[in-house]
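So the chains spell out like this:
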Amino acid sequence: MQKKGKIITDISVMIAGMAGDGVLFTGNVLAKILKRQGWEISTYRDFPSNIRGEPTNYTIRASLEKIYGRGDDIDVFMAFDCDAIFKHAKSMAEGGILLCDGEDIVAPSPSKSKATTYHRFPLRKLALGSFGKEIFKNMIALGALFYILDLDFHIIEQIISEAFLKRKGKEVVRKNIQAIHLGCEQAKELISPEERHSLTRREDYNRLLLSGDEAIAFGALAAGCRFFAAYPICPATEIWQWLAVYLPRFNGLVVQTEDEIAALNMALGASYAGARAMTSTSGPGASLMMEGFSLAGMAEIPIVVAHVQRVGPSTGMPTKTEQSDLNQWIYGSHGDFPRIVLSPGTVEECFEFTIKAFNLAEKYQCPVILLTEQDYGHNFRSANKFDLSKVKIERGKLLSQEKLISINDFKRYKFTPDGVSPRALPGMKNGLHMVESNEHNERGYRNEDPENRIRMMQKRMKKLRSASKDLISPKIWGKKDGEIGIIGVGSTFGPIQEAITLLEKNGIRAKYLQMRTLWPFPSKKVEEFIETCKETFVVENNFSGQLSMLLKSQVRMSFDARNILKYSSQAFRPQEISEQIQKAL
Amino acid sequence: MQKKGKIITDISVMIAGMAGDGVLFTGNVLAKILKRQGWEISTYRDFPSNIRGEPTNYTIRASLEKIYGRGDDIDVFMAFDCDAIFKHAKSMAEGGILLCDGEDIVAPSPSKSKATTYHRFPLRKLALGSFGKEIFKNMIALGALFYILDLDFHIIEQIISEAFLKRKGKEVVRKNIQAIHLGCEQAKELISPEERHSLTRREDYNRLLLSGDEAIAFGALAAGCRFFAAYPICPATEIWQWLAVYLPRFNGLVVQTEDEIAALNMALGASYAGARAMTSTSGPGASLMMEGFSLAGMAEIPIVVAHVQRVGPSTGMPTKTEQSDLNQWIYGSHGDFPRIVLSPGTVEECFEFTIKAFNLAEKYQCPVILLTEQDYGHNFRSANKFDLSKVKIERGKLLSQEKLISINDFKRYKFTPDGVSPRALPGMKNGLHMVESNEHNERGYRNEDPENRIRMMQKRMKKLRSASKDLISPKIWGKKDGEIGIIGVGSTFGPIQEAITLLEKNGIRAKYLQMRTLWPFPSKKVEEFIETCKETFVVENNFSGQLSMLLKSQVRMSFDARNILKYSSQAFRPQEISEQIQKAL
Amino acid sequence: MRKDKDYHLTDPTWCAGCGNYGIFAAFKKAAAALDLEPEQLVIVTGIGCHGRLNNYFNSYGFHALHGRALPVASGIKLSNPSLSVVGISGDGDAYSIGLGHFIHSLRRNINITYVVADNRVYALTQGQTSPTSEMGYVSVSTPYGSKELNLNGLQLALASGASFIARGFSGNPTQLSSLIEKGMKHKGFALVEVLSPCVIHNKINTYQWFRKNIYNLDDDSNYDPGDKIKAWEKLSNEKKIPMGLIYVEKRPSYEDLVFGKRAEPIVSDDLSVDVPRLEKIMEKFK
Amino acid sequence: MRKDKDYHLTDPTWCAGCGNYGIFAAFKKAAAALDLEPEQLVIVTGIGCHGRLNNYFNSYGFHALHGRALPVASGIKLSNPSLSVVGISGDGDAYSIGLGHFIHSLRRNINITYVVADNRVYALTQGQTSPTSEMGYVSVSTPYGSKELNLNGLQLALASGASFIARGFSGNPTQLSSLIEKGMKHKGFALVEVLSPCVIHNKINTYQWFRKNIYNLDDDSNYDPGDKIKAWEKLSNEKKIPMGLIYVEKRPSYEDLVFGKRAEPIVSDDLSVDVPRLEKIMEKFK
Ligand SMILES: Cc1ncc(C[n+]2csc(CCOP(=O)(O)OP(=O)(O)O)c2C)c(N)n1
Ligand SMILES: Cc1ncc(C[n+]2csc(CCOP(=O)(O)OP(=O)(O)O)c2C)c(N)n1
Ligand code: SF4
Ligand code: SF4
Ligand SMILES: [Mg+2]
Ligand SMILES: [Mg+2]
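Chains A, B, C and D, in that order, give the protein sequences.
Heads up, the first sequence is in the numbering used here, so the first residue is 1 and it goes up one at a time.
Heads up, the second sequence is in the numbering used here, so the first residue is 1001 and it goes up one at a time.
Heads up, the third sequence is in the numbering used here, so the first residue is 2001 and it goes up one at a time.
Heads up, the fourth sequence is in the numbering used here, so the first residue is 3001 and it goes up one at a time.
Just so you know, not all the hints are guaranteed correct.
Unchecked claim - Simulated crosslink set (DSS-like; lysine-lysine; CA at most 27 Å straight-line):
{"hint": "1", "chain 1": "A", "residue 1": "Lys392", "chain 2": "C", "residue 2": "Lys2284"}
{"hint": "2", "chain 1": "D", "residue 1": "Lys3250", "chain 2": "C", "residue 2": "Lys2230"}
{"hint": "3", "chain 1": "B", "residue 1": "Lys1006", "chain 2": "B", "residue 2": "Lys1505"}
{"hint": "4", "chain 1": "D", "residue 1": "Lys3228", "chain 2": "C", "residue 2": "Lys2230"}
{"hint": "5", "chain 1": "A", "residue 1": "Lys385", "chain 2": "C", "residue 2": "Lys2280"}
{"hint": "6", "chain 1": "C", "residue 1": "Lys2003", "chain 2": "A", "residue 2": "Lys411"}
{"hint": "7", "chain 1": "D", "residue 1": "Lys3228", "chain 2": "C", "residue 2": "Lys2240"}
{"hint": "8", "chain 1": "A", "residue 1": "Lys87", "chain 2": "B", "residue 2": "Lys1414"}
{"hint": "9", "chain 1": "D", "residue 1": "Lys3286", "chain 2": "B", "residue 2": "Lys1392"}
{"hint": "10", "chain 1": "B", "residue 1": "Lys1168", "chain 2": "D", "residue 2": "Lys3286"}
{"hint": "11", "chain 1": "C", "residue 1": "Lys2187", "chain 2": "D", "residue 2": "Lys3239"}
{"hint": "12", "chain 1": "B", "residue 1": "Lys1175", "chain 2": "D", "residue 2": "Lys3228"}
{"hint": "13", "chain 1": "C", "residue 1": "Lys2203", "chain 2": "B", "residue 2": "Lys1168"}
{"hint": "14", "chain 1": "B", "residue 1": "Lys1411", "chain 2": "D", "residue 2": "Lys3003"}
{"hint": "15", "chain 1": "B", "residue 1": "Lys1429", "chain 2": "D", "residue 2": "Lys3003"}
{"hint": "16", "chain 1": "A", "residue 1": "Lys166", "chain 2": "C", "residue 2": "Lys2187"}
{"hint": "17", "chain 1": "D", "residue 1": "Lys3240", "chain 2": "C", "residue 2": "Lys2250"}
{"hint": "18", "chain 1": "A", "residue 1": "Lys3", "chain 2": "A", "residue 2": "Lys505"}
Claimed, not checked - Some chain B residues near chain C, calculated using beta-carbon distances under 7 Å:
{"hint": "19", "residue": "Asn1050"}
{"hint": "20", "residue": "Ile1051"}
{"hint": "21", "residue": "Gly1169"}
{"hint": "22", "residue": "Glu1171"}
{"hint": "23", "residue": "Gln1241"}
{"hint": "24", "residue": "Ala1244"}
{"hint": "25", "residue": "Val1245"}
{"hint": "26", "residue": "Arg1249"}
{"hint": "27", "residue": "Gln1256"}
{"hint": "28", "residue": "Glu1258"}
{"hint": "29", "residue": "Thr1315"}
No lab work stands behind these hints: they were computed from the structure.
Built from N, CA and C at the ideal position, the CB exists for glycine as well.
Excised from the complex, chain A in its bound form (with noise of 0.2 Å):
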């Protein structure tokens, strides 16, 4: 938790319980209140790759000024069982609270945990004997951190309603409203006034709480894809299952495959017929992937693949997050090919870049990677509205049918300057041409000669130069005159944004390159960076340190950089950022 003065401007809250418990509805319910409430939120859910039966937690984070991640302890705890406590005490904040619903909670003692009140909540009885169904500790919990947090009631209300009058009806909101008064009523008489965490109210200017894979498919739809092909998996899904609803009624269509190769097959084929068309994946169907992905490179084809990672190798953890593929799409696949490689690091950065995506992928004609992680694909933050007036659509050298009638001589792949040539499509007049996997002419058909060959490899691959210029920079955060630096991409921007902070307290001075694209590598931008460094660290979600080879490979000097890794599963938390670096000063 963090103060000023009196009045409190971070807090944690975490529920935790079984998978099956509803802790997911209750956290995100309690998100949106706290987001109507003005608060900034950045959400993180810790659940297994199973259905039931195993412990799963969901932390709430609000603050009053903008975050991007979790935050280092936890100030206000509910517990659902007591097998989560032992777990987590040592998280918990000073002057935390914790109540439990379990029989036999203890409080651990001072040396393992700093929170100061423990309180055993008897949700589930209360739930059985007011409403007879258990279901209803949920709002009953709900009511208990509404009395903690002295939370908006208007606001409660009306999250849900929404969440159940049209679904549900009437007589379901009267209940759980009811549920939430008795949590307050009973919190009440457990929790002393000064136990309480009351939290401000603030104008909530009508933002956006929402998750990178929403944002993604929200940033899709509105940069004009129109096909989406996909194959179900944890934690991409969700890009596709809302653009499912949305694309229909936008004169788009979205196809579940039977598998990963079928959905990129797929939607290379619709973007060869002229749809801005993406397929969405993870690990184990990124690899599927890689033999359609060196075919799109050789064919052309625009294609943008919104890759979300999780634990790998091999099905690993599906459900928890990490940074170990960004290797797979930089330099997998077979033979070498133009591609592009944008990270996000934000949500509001996972909605631009999806619309640049776009861009990249016909102006260059080439596949376009978005590599995101679960921590803020399947996690809430809160944004500002997106400027939809931005957003531009950007085709490239697509012909139109006029333009291509009045070419003498079409070529698909025609020798140009930037290497890019004009593109006609199926259906056009004057426009024929072969999309071919084996090598090919300019005309797209197959070829074997050396001399073509090797025209053709420049001609591809002087693409990437070309773009360069047009991607997006690697950005400098915190103190611009700092000698120490750190690198990271991704889900690591809050929390090194934050350790900067935290760092800046012990009197160290850092900055930030927060990489944004991968691929093809900003050498220069990095370069400058790096060199008004005098310690240069790396801070990446996985044991390898791939970002961090990446970088060596594409610099002129030799780089010594200091990885600080982390491969649990979890994201990382600020503090271990800023405590690794001023151990290693």
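Using the hints, position chains B, C and D with the ligands against chain A.
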């Protein structure tokens, strides 16, 4: 052509025609004749990925010294039609001789070719006239070469018998010999004695003439491979086609699967059950194997994958050579997991490394990749007999039933100092365990605890460190005190060696580091080499300099490699390397 | 009215006598009979000797990955249903590596025509056993004879909900072209398997062999291609291979179901950003 | 004689009422009836809720990749035919991403038993439409209803040369365990599809729904499971779902054909280097 005094010591004979003309057969016979005459052989096939109707050529290079690749020019050229002449005229050596079956033969101007003599040689007409069948043109051509090269008739007779006697009978042998005589006599009439290129004869010492694919197949058989599953693909199919004949005779099994995904997964099942198992493929198939690759890493299953590289991306040029799939195996697939990538440079090493690969796979319980290329995968090289007494089978920590029974509390994925755990096979008593593609505990059962995750990742990745001392080191060739360093892998072995000789003639002393293990990367040895070079060149048969990027990311120093790249679909010639180095200095 | 030669881009380089010539000829003829504009036709091929076809054909062409012609063809057709989309695969392409897509495409029933050039061998890769090679087939990949039951693509198609199943012979381009033509007219997924000898690699299933083992259902006026049980029986007989239109059924195509009466294809959609509409959707995230 | 509980390693964590419990119980019962040594049994699962089964079962287990249980199971069985190998997949695992392997395994006829837990939904990934979901099925992946004909796994199996086809119901573990037992005794590939409700994600195909729509062929003494045409007819009826042993045929297993009378499994082969024999083979390269 090279000579020592009047004696020819190195010669290249090219046979060219259309696919389907019999170029391949004629070339193979000539290669075998020359091998049996005691010459060192290296063949080079340039054939289309089409069955018929496109130009193809076959070069047999013979030398009195050991050679490992193609030479710089052609001394004797036998063309089944005239198209090939102008394409290859510029490669003709001084004093070269050219025979062509075509009406419109024209000698190119001396500025275009250094060859001395051009003859029209009516192969088809002679074949039809004397035998009524066009197919005899091949033997007639061979007869002409018999005259020009002054071959040993006894050996020819022997080889023709071996080729036809069993399969086709005496009469066919007789007719073929007759055609050879006819060709020889016709050539005698046409070609003056001065134009001949008479070759000496030496003892053959029972040497071998085989392709890299065959050497790998034979190595696998010797190494105890007993299960092989694969799907057809050029240029790797020869490995399993050879094994398809021999494995069943050694109690083994070869299965043709429905696709590459099944091939790798079936081999993984077989290996898990206890068989030494393998698959083979090339680029597109390898992309499909990426998911199973990650599984092998996660589940710690020994497996050997032979990958014979062809030209990418996508379907590319299936019958041509390239080195553009290094990244695919070093960095490909999702998540971080241990993998070993070996790359032989000669057919001898194909045999040796294959044996090593099976031992490494079992000792470190991880996937081992044998990365070769079409160049020496499909083509033939002479080699001394393999020393079978050196073949050792090391099965690592695979437990016997007796040993397993004595273990109290067996854990398949036990944490050990070297990261390698004891291994039991299904069917064994006291060895029950799970093999999990999800993250798992020491017994193999699914486990999502972050602490367990951290230890499991460390355990698996530790194996790479343990393996490091057991791997095949890079090897230094050439002038050990030279200031110019060349680094290469795979097929560049031959041309780099010869380039060093060429450079020496120009007063440049160069040495060469042959990479033989690509992953885990032998950083120390490479750093030591680089430190002793004033200039370092990296020679690669690809566009993007994959080896060079790898080097850069894996050595301490700022490493300013100069890339010599070729991506025309053809293997390097020695001069292409030496000249570029000279120019660059 | 267009002529066959309007679709002839260049002379093929298949081996003399290859069954693919028959398919090429029949397909050109069918295109001419349908008077297709070359620009309105897209041919998607798999990898194999068959896969060269669109390099010789005057139309739009897409040489896809091995086994993946159908997903690509599906993506094209769904994005622009006004195009005529024809997929061409070999027996290995369609029935081995591509089998999953084959069956899912059949149940999906997108309005494309799929020609499977069945030479019962992997030709381009030099003669390995294929799923349609008969049990016992000896080849470089099965030197001791194949031990797997050969696969019956049309029976599988029937079990997958195919709405159009036909079989032609590249030795009979007249019938074949009429089957392709019918397939292209059919509303839904049309499968045309073609018995198509590889004269180089398959010395068993030659023109003569096929001629001896086939019989023509089109000649049998009693045969009702609407009778599924009967079709199953006919296809069950491994000894006598039925040719012609084997099964046809009227059921809505995938496009009928997903697009309904929508007039404009996806590719014609105006992509300009409809800000007010998107703003309203954005509301949901509040 | 072993008991069910000898195979019970730990209590499963499926949702209360999940059909997988019925499969788990039936499988343990079948193993006990066959008196299998746990060490002689290998269970290979795919990815999905069903895929957890071998984490709870006391035997050797291999949790393979999504859709790839069969290739792994095949590799195990071929290397060591003395093991009992059972594959378990879901409807998505077997009939969607794994469909190619499914059909090729059927024609290959390796002696393994394959249990397909068909809940007509992608359960583990939270409720998407599966290939066996009925046309019109509404889910998170098809909010406007599925537009694809549902797939009939057993009909496909019949068309693929299956030698053993049965269907059980996780609501009837007694019959199910006898079907699994029969399957495991069958020499060749035995397919046991199990209708197995997902009580969380599929609100259509519930226990009640299945009870209403199934009927038992095992009760019909007139039904001959050796009659392929009859089996096809029974399986063609989408309204009445036949249960029990649907089809069985005697044909040589793949092992019979490739190993013949060979006694020792591959894994028992002595790998020590037979130098003289290899020297002789090396001669061929001269
Ligand atoms: C993923 C992949 N695996 C393997 C290959 C190699 N390959 C090329 S053609 C072919 C099979 C051809 O057989 P078929 O489909 O019957 O075509 P045909 O040549 O007989 O017409 C194969 C396996 C490939 N191109 N891609
Ligand atoms: C290659 C790949 N794609 C997608 C997934 C994600 N995934 C996990 S389980 C599953 C489907 C489960 O459906 P089903 O096979 O019917 O099993 P159920 O959960 O219903 O038992 C999918 C798609 C994966 N693990 N691997
Ligand atoms: S190899 Fe066979 S299929 Fe290929 S072109 Fe020649 S005859 Fe036709
Ligand atoms: S989600 Fe469905 S299939 Fe999965 S465990 Fe629960 S009831 Fe069973
Ligand atoms: Mg074929
Ligand atoms: Mg299911």
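Going through the hints against the structure:
For the proposed pair Lys392(A) and Lys2284(C), the alpha carbon gap of about 23 Å is at most 27 Å, so the pair holds. A C-alpha spacing of about 25 Å is found between Lys3250(D) and Lys2230(C), which places the hinted pair at or below 27 Å, so the restraint holds. Our distance criterion of 27 Å between C-alpha atoms is met by Lys1006(B) and Lys1505(B), whose separation comes to about 20 Å. For the suggested pair Lys3228(D) and Lys2230(C), the alpha carbons sit about 13 Å apart, so the restraint of at most 27 Å is met.
Note on Lys385(A) and Lys2280(C): the hinted pairing holds, with a Cα-Cα distance of about 11 Å set against a maximum of 27 Å. At roughly 25 Å between alpha-carbon atoms, Lys2003(C) and Lys411(A) fall within 27 Å of each other, so this suggested pair holds. Proposed proximity of Lys3228(D) and Lys2240(C) is supported: the alpha carbons are some 18 Å apart, at most 27 Å. The straight-line distance between the Cα atoms of Lys87(A) and Lys1414(B) is roughly 24 Å, inside the 27 Å bound, and the hint therefore holds.
Between Lys3286(D) and Lys1392(B) the alpha-carbon distance is near 24 Å, which keeps this suggested pair within the 27 Å criterion. Among the hinted pairs, Lys1168(B) with Lys3286(D) is consistent with the structure: their alpha-carbon atoms are about 21 Å apart, no more than 27 Å. For the hint linking Lys2187(C) to Lys3239(D), the alpha-carbon distance of about 26 Å falls within 27 Å, and the restraint holds. Proximity of Lys1175(B) to Lys3228(D) is assessed by CA-CA distance (about 56 Å); at most 27 Å being required, the pair is judged violated.
Only pairs whose Cα atoms come within 27 Å are accepted, and Lys2203(C) paired with Lys1168(B) is accepted, the gap being roughly 17 Å. Proposed proximity of Lys1411(B) and Lys3003(D) is supported: the alpha carbons are some 25 Å apart, at most 27 Å. A C-alpha spacing of about 18 Å is found between Lys1429(B) and Lys3003(D), which places the hinted pair at or below 27 Å, so the restraint holds. The hinted pair formed by Lys166(A) and Lys2187(C) fails the criterion: a straight-line CA distance of about 41 Å is larger than 27 Å.
Taking the CA atoms of Lys3240(D) and Lys2250(C), the gap is near 23 Å; set against the 27 Å cutoff, the hint holds. Restraint check for Lys3(A) and Lys505(A): the C-alpha separation of about 15 Å stays at or below 27 Å, so the hint holds. Look at Asn1050(B): its Cβ gets to within about 6 Å of chain C, closer than 7 Å, so that hint holds up. Interface hint at Ile1051(B): satisfied, since its Cβ lies 6 Å from the closest Cβ of chain C, which is below the 7 Å cut-off.
Against a cut-off of 7 Å between C-beta atoms, the interface hint on Gly1169(B) is violated, since the closest Cβ of chain C lies about 18 Å away. Against a cut-off of 7 Å between C-beta atoms, the interface hint on Glu1171(B) is violated, since the closest Cβ of chain C lies about 21 Å away. Hint on Gln1241(B) holds. Least Cβ distance to chain C is approximately 5 Å, under the 7 Å limit. Annotation: Ala1244(B) was flagged as interfacial toward chain C, and the flag holds, the nearest CB pair being 5 Å apart, inside 7 Å.
Annotation: interface hint on Val1245(B) holds; nearest CB of chain C at approximately 5 Å, less than 7 Å. For Arg1249(B), the interface hint is violated, the least distance from its beta-carbon to any beta-carbon of chain C being 10 Å, above 7 Å. Annotation: interface hint on Gln1256(B) holds; nearest CB of chain C at approximately 5 Å, less than 7 Å. Checking Glu1258(B) against chain C: minimum C-beta separation of about 5 Å stays under 7 Å; hint holds.
Proximity of Thr1315(B) to chain C holds as hinted, the smallest CB-CB distance being about 6 Å (cut-off 7 Å).
Hints 12, 16, 21, 22, 26 from the list above are not met by this structure, while the remaining hints are.
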